[in-house]
Structures are given as C-alpha cells and as structure tokens.
Amino acid sequence: MVICFLSQSGVSPMNSTMPYRKYRKLEGVDLFSEKRQDESCTVLEDLWAEILTQDESCTVLEDLPDEILTQILSHLNLKELVRTSVVSSRWRDLWKFTPVVLEFDGCYTDGANKDRKKFKAWVNHILNLHQAHVDGFIVRFYLDWPAGFMDKWINRALKKEARNIEINLLPMSNPAHRGYYALPSLQKSLHSYGAKSAFCFLTSLKLVGVGIHDDTLHYFLASSTSLECLTICGSRFTRSLRIVDPLPKLKHIEISHCNKMKSVEILVESIVSFTYDGAMINLFFNKTPKNLSALTLAGKFCQSFFLHAYKHLSYSFQLERLNLDFPNKHVKRPLRSLAFYKSPYLPQYLNLKCMEITASSIVGRNLLFCTKLIEMCPLLYKFRIKTERSIFIPDLSAAEASVFHHENLKLFELVGYLGCPSEEEFITLLLKIAPSLMTVTLDTENDFNELAWQCHFIEKKFDWVNGSKLPEFAYAKSRIEAKEFAERLQSKLPQKTQMVIL
Amino acid sequence: MGKERRTNVIPLPEVDGVTLERIIGFLKIYTEESFQQFTVQEKKKRCDEFFANCKFNDFLTLASASNYMGAQVVLDEACQRTADMMKNKSVAWVRKNFGIKNNFTPEEEEAMREKHEWAYEGVDPDDDEEDII
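Top to bottom, those sequences are chains Y and L.
Sequential numbering from 1 applies to the first sequence in the numbering used here.
Sequential numbering from 1001 applies to the second sequence in the numbering used here.
Heads up, a few of these hints could be off.
What the hints assert, rightly or not - Under 10 Å between C-beta atoms, here's a sample of chain L residues computed to sit facing chain Y:
1. F1026
2. L1027
3. I1029
4. T1039
5. F1059
6. A1063
7. N1067
8. M1069
9. R1081
10. A1083
11. K1087
12. K1089
13. K1101
14. E1109
Bear in mind the hints are in silico, worked out from the structure with no lab data behind them.
Note that beta-carbon positions come from the ideal geometry of N, C-alpha and C, so glycine has one too.
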C-alpha cells in the first residue's frame, strides 16, 4: 500500500527546507509533483493531506518507545493517568511504570473529609499496583490518631524514591491544632535503607501535622543530600533543629507552629529563604549567610524582629525580601508601637527591595507610621501592606510621620483598602516622599459583613454608654463602594502614577 | 555539538531537518542568559511563542528526536505539551485524536473501567475543571 510505504520511507535530508509532511507526501505520489511549488492546495490535495496526517499520527504515536510514552504520561495527574489504561492493550500497564506524582487528596474543596475507609483503600490499591519509581508522593488527609498505615505509606514512598514528599495531616485546620500522628523512628529500619545517602533522590519534604523527633529529622537530613526544600509545620516533638552540611542544594526552609521548638541552627551556605511562624527561639545562621535573601516571619518571633531589631541583625542586614505577619492578638498596637518610636536604634536594611506587612488595624487609624519602615530601606522597590480591619473607637492622636526623600520606591500595594481618609492621606504623603512611585495597587478585599456587624455593635454600645450617637465612620461598606472611592482617589493622582484597582 | 553545522555529514537517521532546526532553536533560547533570569511565567510564555506553530505530530517527532539526541530540556518540553493536550479528555477523545486503535473487547474494556471507577468521574471534553470524587 502506498501509504504504508510512505510512512516507512526514509526521512528528508537534513538540508531540506520543505515542510516535513509535504515532502513525505510527495515522495511516493507523483500526481502532485507539479503542484510542489504552488502554495494553494486543490481539494484533492487537501483530502490526501488529511488522510496522510491521520495515518502519520497513528504511526508516530504508536511508534514511540515505552520510555518516551511514560515520560509524556508522567505529566498527567493520577486520575488522567489511570484512565489511559483502557485506551488500548499496549497502554493497559503503561501507567504502572510511569514516574508520576502520586497525589492523594483526602478532602473535598469545601473542607469536608472523604470517607476514611475508602480513601485508605484507594491509596493502598494504587500503591500496590504501581510498580516503578514515582516522581512525588502527596497525601492530604485529616489524621488525628497514630495510624500504622501511615508508616507503611511513608515507607513505600521512600522505597519508590519519590522526589517530592508531602504529608499534610491537617489540611483544612489551623496548623496550631495538635496533630497526633508521629513519624516512626527510622533508626529501627536503618538496615533496610542502607548507606548514608539513602534518600539522595529526595528534593522536597513537607510535613504538616506530623510529629517528628529531633533524631529522626536529623537522620533524614543527613541522608538527603539533594534536598532543596524543607517544611516542618505543626510538629509537637521538635525541640531543636540543627541543619548542617552537606546539604548543598537546600534553599528553602519553613518552620511553623512547632510549640516545643527552642532553637534553630542553620549552618548551610546555600539557604536562600527562611520562613518561621512561632514563638521566640534562638535562631542562628552561618557566620555569613550570604545567600539568605528572603525572610518571612509570623507570630511572636515576628514581633521580636520588629521591636528588637538589633537582636536579629546578624542575618537581616543582607535581606532582599522581607515579609512580616504580625500576630492578631495585638490589634490595638501593631502598626504603631510606641516602643518602636522610642527605640533609639532603627536598623537600615540596605539591601531590602521588597517588603510586605500583614497586620491588623483599626478602621480610620492612620498609616503614617509605615513611612518609618520605608525610611529604613533606601533601596526599597515594592512595599505591600495587607490589613485586616476591625472597628473600635477611633483614636485621635496626632499623625507622626517622618519627612524624607526616597529614590527607589516604585510599587505600592494596599490590600484591604476601605476608602478611609487616612489611607488617602498616606498615599498623598507617599507620593511626596517617593516621586519615583509608578504604580499604586488598591485591593478592596475585606470582610464587609464582619465590619458591618462590628460597627453596629459599637454604635449600640456607644449609645448605651454615652447616650449619643457615634460619629460616622468614613469607610466603604461594600466592595463596589470601595472601588468607587479608589477611582475618585485615582483622579487626584499625578499623571505618571498608574493605579490598579482590584 | 558538531551536529549544528549542516554541511557536516553526521548521519542522523532518526532526525529530520525541520525537527533538528527546532531542537537547535530551542536550545539556543534555553541557554541564553536572559532566559535563565525569567520568572516561571515568562519562561512559559517564551516557550509558547516558540512552539506556537507546532502541531501534535511535531511534538511527538520532537520527543523522539530529542530522546535520540539526548537533549533533555527539549524532551521535557515536548512531553509536557503532549500531555497538556491529553489533559482531562475522555478515553474516546484520546483514541480518536491520537489515532489509537482500541483492541479490547467490550467485556475487557468494561472490566478495566470497573477496576478504576473513580478515575472516570468528572471528565468532559469542554470542561477543564476536574471534579474531586
């Protein structure tokens, strides 16, 4: 058959400038040789092209060896992959040898948990059938008892050389909630894992709600020489963490909600970003953590970083990105802490390019304090404030703002814009301080229902206490209103400053 | 890579001219300093531009050729894009568009489907959102 001949014919020479398909078509079919130069196709030619394309695609896909086919399939998710088993007999077992990411999500998007027995059976079923290595093993499932099957799953994942392991046992809950599962001590099964770099395939480890003892964690780290990301969240056993070389690729470390944590020592050179959420601990870095450029802090530690900045200078001076999430408890004072003003020492972050602050605040309170933060960072390029507002009796203290000149600030973002006069005041001041400001982004996302309820409550209380009506809170009551306020503000901005309203 | 010079007679029976051009072109982009500085989205955009006029067959040929030549990044890209085309499509769609013959008997097929019932939920050729069971 002509078509078969075409498919198996030799390929076009390397110097060919003609489109591949056309060349193959012309090789065996003389009819169209005169039309070779012609750009336009006849109807017949079209038909030929269609038939030939179909046959070509049939042979080309089926021509591919199994290794390439499994490589293609490895980019699918688990569901899509298993579906391919029914496509044809050749594909029946392909999925079992595909290095896919085994992702098992035990929660629905609305937070409800899937049936526990079914979930367990499903994971076991897949783990038993799949035979080759996997690219990743991810389990998100609410587990609050010491379950033996979890040990088995983790062991299987390690045997299958999963490069990315994520065990999230508190998927929808607050990670501060105590998880009950504890990672088994790997000392016992040491012999089955063999040599020192037993886990040299592991590049990312994320444990949420999994209790891990110090020695187990250190063993893991010592054996995972290719580790790039480490996340330990909600581990109630970890007391002290010491991360030493050789971990040449470790770039990102995140530790949060480990209530017993007392000290963290990071003595690897390669660390680029560090995230910590929790109480005050002793934090040591390598003498000069020269690659550390991003720091994200939350919880009480964040407060300490802010109020006692001199204690943290050893690793904060070279930061390029700083993200501070202030704890919610101290609603009344986070954006204006007297201690900060009175503190004689305000560090200069000479390398900081991007700063993001998340804090609670009161509707109507001025943001002028933030100018102090900008003053601290002469190279600042982007400044972002995310506020969660509540309604209290507004304070009427005088505005405190420093007046200085900033040359580099280009992007300012405010999340939780409510159209208060204090916000406008801040933006106007910002434009004076930083004429380089190019874009102002106002995100109007807020919990308007909560604010309305609080306002109602305060009004009633004020009325009851003082017998008079509370002065009006000037703020937007809905997202649309907030956007309108923003548009009005936009018209007051100079031409060259662009505003983005979300 | 001596294969870059077209006048050099190194036979590459598995690779044709157009595919080779593409592989070289992509590798050129990939090794550019500016490319390495891009964010993930920018990289994707640049690759999308490069592969804009490639059809499905082209990716398969590309995969085969780059596997033969050992160009891992091109292989990864080609595999990723082929997989993207398959994402969340029904089995019948895959068979039809990729020209694969179904050589299961209806009973066999039914048995296979029942084995992994959970995998067949939430598939819709027009809908890209997957339903979680």
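Here's how the hints hold up against the structure:
Residue-level restraint check for L:F1026 is violated (minimum Cβ-Cβ distance to chain Y is 17 Å; threshold 10 Å). Against a cut-off of 10 Å between C-beta atoms, the interface hint on L:L1027 is violated, since the closest Cβ of chain Y lies about 16 Å away. Because the smallest distance between the Cβ of L:I1029 and any Cβ of chain Y comes to about 21 Å, over 10 Å, the interface hint for this residue is violated. Annotation: interface hint on L:T1039 violated; nearest CB of chain Y at approximately 14 Å, more than 10 Å.
At a threshold of 10 Å, the smallest CB-CB gap from L:F1059 to chain Y is about 9 Å, leaving the interface hint in force. The beta carbon of L:A1063 is positioned within 10 Å of a beta carbon in chain Y (closest approach about 5 Å), and the interface hint is therefore held. For L:N1067, the interface hint holds, the least distance from its beta-carbon to any beta-carbon of chain Y being 5 Å, beneath 10 Å. Checking L:M1069 against chain Y by beta carbon gives a least distance of about 13 Å; that is not within 10 Å, so the hint is violated.
A cut of 10 Å between beta carbons decides the hint on L:R1081: the least distance to chain Y is about 9 Å, and the hint holds. Annotation: L:A1083 was flagged as interfacial toward chain Y, and the flag holds, the nearest CB pair being 3 Å apart, inside 10 Å. A distance limit of 10 Å between C-beta atoms decides the matter here; for L:K1087 the minimum to chain Y is near 6 Å, and the interface restraint holds. Interface restraint check: L:K1089 against chain Y, minimum CB-CB distance 8 Å, threshold 10 Å, status holds.
Annotation: L:K1101 was flagged as interfacial toward chain Y, and the flag holds, the nearest CB pair being 6 Å apart, inside 10 Å. Nearest Cβ of chain Y to the Cβ of L:E1109: about 6 Å, under the 10 Å cut. The hint holds.
Hints 1, 2, 3, 4, 8 from the list above are not met by this structure, while the remaining hints are.
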